[in-house]
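**Q** Residues in the sequence shown are numbered consecutively from 15, following my numbering.
To be clear, the hints were calculated from the coordinates, so they are not data collected in a lab. A portion of the hints provided could be inaccurate.
No more than 16 Å apart at the CA atoms, straight line, and that leaves these computed lysine to aspartate or glutamate pairs for EDC-like [claimed, not checked]:
1. Lys118 <-> Glu65
2. Lys116 <-> Glu61
3. Lys116 <-> Glu166
4. Lys123 <-> Glu65
5. Lys175 <-> Glu160
6. Lys95 <-> Glu81
7. Lys149 <-> Glu166
8. Lys184 <-> Glu160
Predicted model, so just to flag it, every value in this text is computed and none were measured.
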Amino acid sequence: MKKRRFLFFLSLILIFHISQAQLIMIDGETGEYKYEEVVSTEGLSQEQIKERAKKWINLYYNTVQSESIDSTSIQSKTSFKFSWKFIQKNIPLELFFDITVKTKENRYKYDFSNFEIGKVTNGNIDSSPLSNYIKRFPNKYHIFIEEPVDTEITKATESLKYFIENDKMKPSEDDW
């Protein structure tokens, strides 16, 4: 009997933690949303990696707001549009974020950070941090905002890795 109670309470605790799970990666030091990884690439020079990263950014994202390039890295401010469902209403949003690719011989580090929700007005970005936007809604709705962001950034990071390795976009799979 005690074993059943223990298992029941343990399962309730696990269900509570899973329901409060957060999809978007959070930087432990700053508390900001961030996706980053160091990737090894055999046989590619620093310059080749940088050129492929620049080419991928321009192919994958049609709306590059700004771009800066130096000898070891490329940084771009870009965006994508998505919508999420709040009760019965679809809410369209535009997410702005920075993509940084730092290069060294045979490896690179990508960093998707500085996530902001906003719009472009008269050529200027008018935005606020994604974390502030999410906090405006009750906790049970956070997942509906986080899920499309996480899905998009995860797809983008996989596409970037494939492009730098193969110098071509990953063939799209037919959705059946």
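**Q** Hint by hint, note whether the structure agrees.
**A** So, going through the hints one by one against the coordinates:
Under the criterion of a C-alpha separation no larger than 16 Å, the hint pairing lysine 118 with glutamate 65 is consistent with the structure, at around 13 Å. Between lysine 116 and glutamate 61, the direct Cα distance comes to roughly 11 Å. Compliance with the 16 Å bound is thereby established for this hinted pair. Of the pairs offered as hints, the one joining lysine 116 and glutamate 166 is violated, with about 21 Å between alpha carbons and a cut-off of 16 Å exceeded. Restraint check for lysine 123 and glutamate 65: satisfied, since their Cα atoms lie roughly 14 Å apart, inside the 16 Å limit.
Annotation: proposed proximity of lysine 175 to glutamate 160 is violated, straight-line Cα distance about 22 Å (limit 16 Å). Among the hinted pairs, lysine 95 with glutamate 81 is inconsistent with the structure: their alpha-carbon atoms are about 19 Å apart, more than 16 Å. Distance check on the hinted pair: lysine 149 and glutamate 166 sit about 20 Å apart at the alpha-carbon level, beyond 16 Å; violated. In summary, the hint linking lysine 184 to glutamate 160 is not supported, as the alpha carbons are separated by about 25 Å, beyond the 16 Å threshold.
The structure fails hints 3, 5, 6, 7, 8 (numbered hints given earlier, in ascending order).
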